[in-house]
Every structure is written in C-alpha cells, then in structure tokens.
Amino acid sequence: MKEIYISTVSGLSTPGVIKALAQTTRDHGGEWMVSKVMKLDGQFSALMKVSIDAENVKPLRLALAGAFTDLHFTEAVALSPVNERVQSIDLEVDCKDREGLTRDISNIIFNLDLIVQNLEFNRFPISAMGEAIFSAKLTVGVPEGTSAHAVAEEIEAISEDMKVNVL
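According to the working numbering, numbering within the sequence shown proceeds without interruption in unit steps and concludes at 1097.
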C-alpha cells in the first residue's frame, strides 16, 4: 500500500543537494509527486509530496537523516484538496516601498478569503532616487466566478502609486 506525505527539508544550500535527496528517495522506491524548492541567501527550503510503499517509509527517513545530517526534516500527512471550486490568479504588484506594505497586502488576502498558493515579496533599492521599490508576485486561489480585476483593484486601493497587473 502506498503512503503519501509532505516532506519539508531546509538547510544550507550546497551543490547537488536536491539531486541527492531525490536519488535517495528513488533508491528507497519513492517518488516526488510534486516538489517546490526555494533558495535565499545560501539557504534552501523544499516541499515534496512523497509517494512510497508503506514498508519503505521508515528506511527512507533513516537514510535521509543519516546522509543529510545538516538538514532539517519535517513531515505531515498529505491532505486531500477541498472540493470547493477555486480558480488561480496571478498578480504582479509594484509601488514605492513603505513600511507595512506586506502586512497590508496580507490583510487584503485574508479579508477576501483568498488561498495563497505562491507569494514572493522583494524590495529593490534605487540609489538614484534614494528610495526602494516594492515588488510582489502572487498566485492566489479565488472562489470560481471571482473577478481577478476586482482583487487587483482591492490591492491597488492600498496606495496611490500601487500598480497591480493581472497576468
């Protein structure tokens, strides 16, 4: 019988670490059904939806812990997706940076009851202007029939110079 779970791995990003994690999983009869990897300032974090025969789960966990002693592993039961009808929308947000922008955008997402699928915030200093630019890329799940442009308008209302593009 197959077991499916979510494995989260984090630690120092070294050359070949993702490939080695995948190979160790394959060596134990497992496969990554879905994976997402993010790297930031020499660190990485990866989420993998692992499918493996139940009798191979413990040997895989032991092999990973033994081979990758500097990494941190956590696991969670993979949940079935909710049957609610949801569509994904992609947005790009740009404006002059100011304190509280991330919080303000997060509050709108929460208040509109959107499902965060991917969220990336960046700040870029513009030395010629003596300011920073705030840029965000979002993928959010919205109830079917919800207008992407209505969501964009809510976010644009945060600030006069806020520009939101629906992709």
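Errors might be hidden in some of the hints.
[What the hints assert, rightly or not] Below, computed lysine-lysine pairings styled on DSS-like, alpha-carbon distance capped at 27 angstroms: (1) K932 - K988; (2) K949 - K969; (3) K1026 - K1067; (4) K1067 - K969; (5) K1026 - K979; (6) K932 - K949; (7) K979 - K969; (8) K988 - K966; (9) K988 - K1026; (10) K969 - K932; (11) K1026 - K949; (12) K966 - K1067; (13) K966 - K932; (14) K1093 - K1026.
Simulated from the structure, these hints should not be mistaken for laboratory data. Fair warning: this is a prediction, and the values are worked out from it, not measured in the lab.
Hints the structure fails to honour: 5, 9, 10 and 11
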